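Order-wise, the sequence lines are chains A and B.
By the numbering used here, the letter at position 77 of the first sequence is numbered 77, and the numbering carries on one by one without gaps.
By the numbering used here, the letter at position 50 of the second sequence is numbered 50, and the numbering carries on one by one without gaps.
Hints in this document: simulated from the structure, not taken from any laboratory.
Given the structure is predicted, the values throughout are model-derived calculations rather than measurements.
For glycine and all other residues, C-beta sits at the position ideal for the given N, C-alpha and C.
A hint or two may mislead.
[Said to hold, decoys possible] Beta-carbon label-pair distances, calculated as ranges: (1) A:Gln80 with B:Gly104: 14 to 22 Å; (2) A:Ala76 with B:Gln35: 43 to 51 Å; (3) A:Pro44 with B:Val64: 31 to 39 Å; (4) B:Pro44 with A:Ala85: 20 to 28 Å; (5) A:Glu74 with B:Pro44: 19 to 27 Å; (6) A:Gln82 with B:Arg79: 40 to 48 Å.
[Stated by the list, open to error] Part of the chain B face toward chain A, derived, beta carbon under 10 Å: (7) Ser3; (8) Tyr14; (9) Thr19; (10) Val64; (11) Lys86.
Here is how the chains run, residue by residue.
Protein chains: 2
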Amino acid sequence: MASSPSITPHPPYYAVIFTSVRQDGDNGYAEAAKQMLELASEQPGFLGFESARQEIGISVSYWVSQEAIKAWKENAIHRQAQSRAKDWYKAFRVRVCCVEREYGF
Amino acid sequence: MASSPSITPHPPYYAVIFTSVRQDGDNGYAEAAKQMLELASEQPGFLGFESARQEIGISVSYWVSQEAIKAWKENAIHRQAQSRAKDWYKAFRVRVCCVEREYGF
């Protein structure tokens, strides 16, 4: 899990906000989530990842382009994991965003 | 705190991703955070809010437009809270994004 905000380049770049409510029970989730993060981190155009969960989980991944996000979405191993979504989540939303401005300290 | 993903309109709309690492100690944070969420929810153009914290905190607010985000950023009571950022956060990033696509169940 990330312990600090991701270091990202000057905008524009892309973010995928994944908001979810987990099913009861692990059902292989923890192992798959670890594997997916490792695999995502190796994809062309991956910039960073932030995640936290309480009542809901929010995971944000950062990417150089829409094309990089599309290629990751269509990755064969990732598609296998996507097919198990209802085993793991009662509800989820994926929001693909263009980051236009960024600031902070 | 949100217990389910926000219901948002068809894209495009805007998201503000706020990623932070807290300082030790409350320093008035909990009360201010509650007040800011209540106040944000009343602003024109506010669409929803999602939040979770473990090692890092991620809060995402959704808005109809960049103008609505700017108006909230410049709200006088919100500006007072912003001036206390270093009392509450070791680090934070704000990312203003245009949501281009959304899906889920």
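request  = Could you tell me which of the numbered hints above are not met by this structure, giving the numbers in increasing order?
outcome  = 4, 5 and 10
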